[in-house]
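Taking the hints into account, I'd like the entire structure generated from these sequences.
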Amino acid sequence: ENNEWLEACKHDNLQYIKQNKEQASQQYEMRDFEVQQSQHEPQFTEIAKMRLRAQKYPYDIIIPGITGLMYAAIYNNKEIVLELMKEECMLFTKYDCHIPVNTQSPFMQPIFNNQTVSQKFNLNKISNYVNIPCNSSIIDLCIYLERWPILLQILEYVSQQPIPFQDQIFQHVNQLYQSHLMLMIRLPESFKVFEQYQELLIETEFEFENVMGENATYIAALYGNYQYFKYFLSLSWTERFKSMIEIQLDQSQFGRDILTVFQKHPSSGSHKCLKLYQQFLNNRFPEPPKWLNVQTTNKNLETIELNIAPKIVPKETQSIFEDMKDTVNQNVSKITSQLNIQQSKESTSEIGQVFKKDQQKFTDIVDSQQIFRLSGVNSKEFPEKKELNKMIEIKPLETIESQKRSSSNPKTDSTSHKSALHNIVSSNSKSGEGQSTDLMFDMDAVNRGSIERL
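Residue numbers (the UniProt record's numbering): 1 to 454.
Simulated from the structure, these hints should not be mistaken for laboratory data.
Misleading hints may appear alongside valid ones.
Stated by the list, open to error - Derived DSS-like pairs (lysine-lysine); straight-line CA-CA distance at most 25 Å:
#1 LYS290 with LYS230
#2 LYS94 with LYS21
#3 LYS120 with LYS94
#4 LYS230 with LYS192
#5 LYS272 with LYS230
#6 LYS264 with LYS230
#7 LYS192 with LYS125
#8 LYS290 with LYS264
Quick look at the structure:
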């Protein structure tokens, strides 16, 4: 009857389980270890056959010291797992177990103390398996075998039970003194499961540390699991967890330095964890989980935004007419409106424009008084700005015409600044012979609002 019960758990005979669980549950496997390729074809129902094909566990195996619930988890029989949770969830493995899996696992260790298992594996060419230590729970077994859908079912069931029951199952550790959370950290795929029951797992297991100094935060740092490590540090927004994490990462009592731990595994995950740890030392933590219900006072160093005010660069004046740009433009507009003159679209005059640096004819800018040195003009004798404004102020039309006539006989007396500005100083510019490199101004052009380079 014992074997029939366990075989029903393995091969998804749900009807038999419901009928016999009261008297047959809580039985352990007493037969010797055996494994072979699965050749079992159930004779139950078509639905049972479909479930067997869907489970894709390729071995028919006998594992001493496990329960019917554990067999159901190995064979992915979800309904039987839920059916037996109440009766068998607090039962644990009696011996070390070696269970074949489809892919390579971080929990695979060489088998030294069981020659029978080694021979059976070699005979069936089994190279991938997991080592499950004695005193492991059904939750441990699901983590080792990466049975995430079944683990979610179990966690849902346990979360609905009274708190003393939750503490009893979550605070249980196997023979290697490893909590469920410590095991999950070894498998990056487990984080999605953890996220769904994060508060429950943190409140019941996060504080645990074994006699070797191993704890959840240290294990995450050791294996460079960035997701878990970041989550644990995000708990530091409360003083309770911050103090706990500081103790967990202080491995000096066990002869380990946490910085050396980060360097021991030079992976990208370890590098990211080291960066998070440096931020932690500067009291900068990742955003906390919502269930922690804390108000953050500063931003995470990784997501902080720097709002830098734009630097205002003072505009350089490159022309003596820069300060008078607005005034000249206004006066030109007035004259244009009075004379009803419209500037030609083909005009190349540059009204009030600032010459580019490579085109300017000025050789220097002396000081803030805007005293400029022109070629051939003594800067010390150059008129002040007020005098200059008077020289170029807009004059009536009659004055403009008289200036046109007087400009035909230019004077170049350097002692007369007013004459120098009113006349055109050039060398035969119209004939193109020996053009001067100095910037000169036609006052008639100035009065019209344009600046010409002659």
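Cross-check of the supplied hints:
A threshold of 25 Å between alpha carbons decides the hint, and for LYS290 with LYS230 the separation of about 15 Å falls inside it, so the pair holds. A threshold of 25 Å between alpha carbons decides the hint, and for LYS94 with LYS21 the separation of about 21 Å falls inside it, so the pair holds. With a C-alpha separation of about 21 Å, the suggested pairing of LYS120 with LYS94 holds against the 25 Å cut-off. The suggested pairing of LYS230 with LYS192 holds, with an alpha-carbon distance near 14 Å, which does not exceed 25 Å.
Only pairs whose Cα atoms come within 25 Å are accepted, and LYS272 paired with LYS230 is accepted, the gap being roughly 9 Å. For the hint pairing LYS264 with LYS230, the CA-to-CA distance comes to about 19 Å; that is within 25 Å, so the pair holds. Only pairs whose Cα atoms come within 25 Å are accepted, and LYS192 paired with LYS125 is rejected, the gap being roughly 33 Å. Annotation: proposed proximity of LYS290 to LYS264 is violated, straight-line Cα distance about 33 Å (limit 25 Å).
The structure shown violates the earlier hints numbered 7 and 8.
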